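Mind docking these for me? Both chains are given alone in their own frames, and the hints should help you get the complex.
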Amino acid sequence: MRRVRRWGPGLLLVSPSIVLIAVFVYGLIGWNVKVSLSDWRTAEKTSGWAGLDAYRDLNSDPAWDESVHHILVFTGTFIVGTLFFGLLLAFLLEKGVRGEGFFRSVYIFPLAVSFIAAGVVWRWLMNPAPGDRASGLNVAFEKLGLGFLANDWYLSLDWGMAAMAMPAIWALSGYIMALYLAGFRGVPEELREAARMDGASEWRVYRHVVFPFLRPITLSALIILGHISIKVFDLIVAIGGKQLITQTPAVYMWILIYDARDYAEGAAIATLLLIGISILVIPYLVYSVRAERRA
Amino acid sequence: MSTATTPAPPIPAPMRLRRRRAGRTTANVLKFAAIVFFAVLVLTPLYVVIVTSFKDAAETGPENAWALPSVWTFDAWRDAWNQLSPSLTNSFKLVIPATVISTVLGSLNGFVLSKWRFPGADLVFTLFLFGLFIPYQAVMIPLTTLLADINFPDGIPRLAFAHIVYGIPITTLIFRSYYATIPDELMEAARMDRAGMLRTYFSVVLPLSAPAFVVTAIWQFTSIWNDFLFAVFIITDPSKWPVTVAVNNTTGSLVTPYNLQMSAALLASLPTLVVYILLGRYFVRGLLAGALKG
Chain A
1170 MRRVRRWGPG
1180 LLLVSPSIVL
1190 IAVFVYGLIG
1200 WNVKVSLSDW
1210 RTAEKTSGWA
1220 GLDAYRDLNS
1230 DPAWDESVHH
1240 ILVFTGTFIV
1250 GTLFFGLLLA
1260 FLLEKGVRGE
1270 GFFRSVYIFP
1280 LAVSFIAAGV
1290 VWRWLMNPAP
1300 GDRASGLNVA
1310 FEKLGLGFLA
1320 NDWYLSLDWG
1330 MAAMAMPAIW
1340 ALSGYIMALY
1350 LAGFRGVPEE
1360 LREAARMDGA
1370 SEWRVYRHVV
1380 FPFLRPITLS
1390 ALIILGHISI
1400 KVFDLIVAIG
1410 GKQLITQTPA
1420 VYMWILIYDA
1430 RDYAEGAAIA
1440 TLLLIGISIL
1450 VIPYLVYSVR
1460 AERRA
Chain G
2 MSTATTPAPP
12 IPAPMRLRRR
22 RAGRTTANVL
32 KFAAIVFFAV
42 LVLTPLYVVI
52 VTSFKDAAET
62 GPENAWALPS
72 VWTFDAWRDA
82 WNQLSPSLTN
92 SFKLVIPATV
102 ISTVLGSLNG
112 FVLSKWRFPG
122 ADLVFTLFLF
132 GLFIPYQAVM
142 IPLTTLLADI
152 NFPDGIPRLA
162 FAHIVYGIPI
172 TTLIFRSYYA
182 TIPDELMEAA
192 RMDRAGMLRT
202 YFSVVLPLSA
212 PAFVVTAIWQ
222 FTSIWNDFLF
232 AVFIITDPSK
242 WPVTVAVNNT
252 TGSLVTPYNL
262 QMSAALLASL
272 PTLVVYILLG
282 RYFVRGLLAG
292 ALKG
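In the order they appear, the protein sequences are chains A and G.
Every position in the first sequence, counted from 1, becomes a number in my numbering once 1169 is added.
Every position in the second sequence, counted from 1, becomes a number in my numbering once 1 is added.
If you are wondering where the hints come from, they were derived from the structure by calculation, not from laboratory data.
Hints should not be assumed to be uniformly reliable.
To be verified - Derived Cβ-Cβ restraints for the label pairs, each shown as a range:
1) P87(G) - P1231(A): 39 to 45 Å
2) V105(G) - A1319(A): 37 to 43 Å
3) P1357(A) - Y48(G): 37 to 43 Å
4) A28(G) - L1388(A): 44 to 50 Å
5) P1357(A) - P98(G): 44 to 50 Å
6) T1211(A) - L207(G): 50 to 56 Å
Predicted model only: the values in this text are computed from it and were never measured.
All C-beta atoms in this analysis are idealised placements derived from N, C-alpha and C, irrespective of residue type, glycine included.
Bound conformation, chain G alone (with noise of 0.2 Å):
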């Protein structure tokens, strides 16, 4: 895959690594101190959440507070297990074709309002755009009113529909900035062999594509594995609770011990995590597509 069709573009290089003379040395050492200062505050949380998760429950009072574990248990991730899986299972449920749907759709969108469009495309495009800034708050009320009017199929489903809808705006953006990079030479090539639309999009651009999937898919996973307000105003069968409603029901409590609550925080976000790991920078430029090009 050629760089000119990555979607949102990657953080480039800097233009050149210079190598400073000798005055420069000490500023260097300073900066590269503080770099690695920040990056230990940042991952601070991260050190307290799996030290924690780890400890026995007689461990987690202020004495041992900060320290590492003076004996590794399960215990904790154990009871969290116990306590999540179901969530998990639904969060799956929910997230899997949640993300396949919406990114597909944000594929033809983008593609047609790019690349095949028609007089007016921008004001849909702009109109759709509104969609990723609104508060979902404004929209709640009735929404979670039509869908129980209208008996649309009760729990998860209702969420996964709640994400594809509200997803449309974002998955559209990122597809059409990335189409928008593909040659229009392309699409007149296309033409020219008399391909209709639906050809041009399946023999030319989808086969294009992979990245901005990628891209999208991770996006839409990550914020809708993360989701709790559609969650909470949506679903009201606790046995249909995504994980973070979940997580939020089990640690809120005074009584809940630390490493529980550690360990619960630590395995509803390992999915999203794992993914960081494995795909970040494709993450990344999700981020700065959502940015709206700056």
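Excised from the complex, chain A in its bound form (with noise of 0.2 Å):
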């Protein structure tokens, strides 16, 4: 009895964001799983049971095939793009430079920018019209006697998703940046130097000794780039609109409820997203508050 007189202030507390959490993360993910077997296709909501139908339609709608293919083509060059541009950064700032810290502001601010208005900028670069509306990149090339390089870009029918992804590129390069520097710093001195001694080269160093110490970050990274590609939402809409050439999984969804009604697909769709995600982070999660507790 004394002793929940000692916790139970805390568990009172905190009782409030509990009930908030379970209401509204797990029990209405649960109530949306029972949206996706329902039979609720129309403006009017109903609540019949219909099964796996909308997994179903899903499976044999050509639009879903395309959504799944953009995203796979958008997430590979996303996160592989991500990933050496943001080791790239650290490795160049790693010793030290002068200005440091406004060139790490400067790779960090395109997070500071919504995918909304970065968005926006990223069209007019990346816009594939000619003549009169041509702009951005594709004029830039002209100009530079570059023209066999200008594109069609997000609009190109087989690879129109990785250039999609360049703007995702450039805003998270920063973040991943910030992460591996810290890696690099945690690298402690003495063993670099205790290399050098042995006479190992600086490339040699590199891979042997600082590189096995940022695999815990490659990790975490991969974990934090993977879940933000699977759902990606407002870039695709600021850039691409709801055109069937770049729509993806969330942008499907979002079509699927404001323009056609078909709640049960869009519930449908919304579950394998987070299906997806929860085979990605559940097991990360476990492993990271499991070492917290061992540390």
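Structure, rendered in structure tokens:
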């Protein structure tokens, strides 16, 4: 009883948040799954049981296939590009340079800007329009005598979604840079020094001493970027709008709900997004919390 | 404030600034050139948005695409202001209360989950954390249905409520890792004085919390200001749109001239950019905290 008196007030203080999370995260997730299994296919709300109908319809829907293909191309380009530039920028800064703070701020600044606002500029930069409406990179290529590089960017048939990843790489490389930079700085200098004393070249010092230290950071970065990518929405809407050629699962869900009023199928997409992200995140969360407890 | 109590540690300085021997200077020059090159690359969209926003509509064609304006004009800014000022007001009405409330909740939760723990506190925290990663799409349909069913006040209050609820995981995470760095002896001392939970919080913990409040508030301000997904699902009345939705609708049309598109985008980004320029290092700490300590 005395022990309850000790921790009781704490539980009481957190209980509003526990209730909110229980209802609005876990409760609503359950409700969403229920909607996806229902026959709510019009603006009028219904809650009859329809089993996996919505998932089956999705499975035979060519627009869904497109969306999945798009998100795979986008995710692959985005993750590889962001990890590459993030690591490169951190590598360039890690030994300290004049004005490091300034450069760090510059690299990270895109993260303070919404994808909606950034999308406006990137739509201008990657504008495929010819003639009077031309702008951005295609015009720059033309001016520099590199006209053959001009292309359709995000409206290219096969690789449009790789172009679509460019603004996302721009936005998040600074974040990954910050993670890696903290990682580089966490490598004890004595270890590097010892390797140098053994006659290791600077490259071998990186290869065998520094990079192994960065592995856990790469794992975190993969999880962070992966979960951002799977649900990408704002950026696509800002640049591509509702066109099929740039449609991703999250955008398709929005279209299904707002235009087609097909709630069950929209909820089915939402459920699949959640499953995809959970497969990525849950093992990581369990691992992180356990590692913290051990520390 | 001692460095022992920073929320997520700031990026440390390099171990030792080494002055390189002569043979290394070429490499260093190349490295520095690359650093500058990438900085220019990252800033290119900012250049575009600024110069285009000050151009006359006649100058936004392909010939002058990358050039400075021959005449600097505020016309596009005036138009953008006229179109966006109602939604800017909406955004402030949304962001300020939502940021304050979710930051306070995060502080209380973080305090209890690190310093006034109850059995199962770790489990509760893990269950909170999952909320950090869920795609909000997975709750969107029931959320809008539920808020309408219970007649939750329509418009901005609904959106603010959503941001507060789904902000709990990140704000709790930042405060919890911050409070974990406060020595337990301080808590014990308070207990010796028979201070209860709230007195311990207000007299011992809260006075040390300023940096965590700044980090969390900046984080919440930026993410709520920049949110588009919740707004587009929850707000049905165009007069209640926050600025992200308004910008997307203004600029989404092909007939909107580029100078207006750019001034609208920049105007909508100014509040978060100003915060970033003034308090950027706290923003970076929020980022690192969000990475779950790598």
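Evaluated hints:
{"no.": "1", "hint": "P87(G) - P1231(A): 39 to 45 Å", "result": "41 Å, holds"}
{"no.": "2", "hint": "V105(G) - A1319(A): 37 to 43 Å", "result": "53 Å, violated"}
{"no.": "3", "hint": "P1357(A) - Y48(G): 37 to 43 Å", "result": "41 Å, holds"}
{"no.": "4", "hint": "A28(G) - L1388(A): 44 to 50 Å", "result": "30 Å, violated"}
{"no.": "5", "hint": "P1357(A) - P98(G): 44 to 50 Å", "result": "46 Å, holds"}
{"no.": "6", "hint": "T1211(A) - L207(G): 50 to 56 Å", "result": "52 Å, holds"}
Of the hints listed earlier, those the structure fails to meet are numbers 2 and 4, in rising order.
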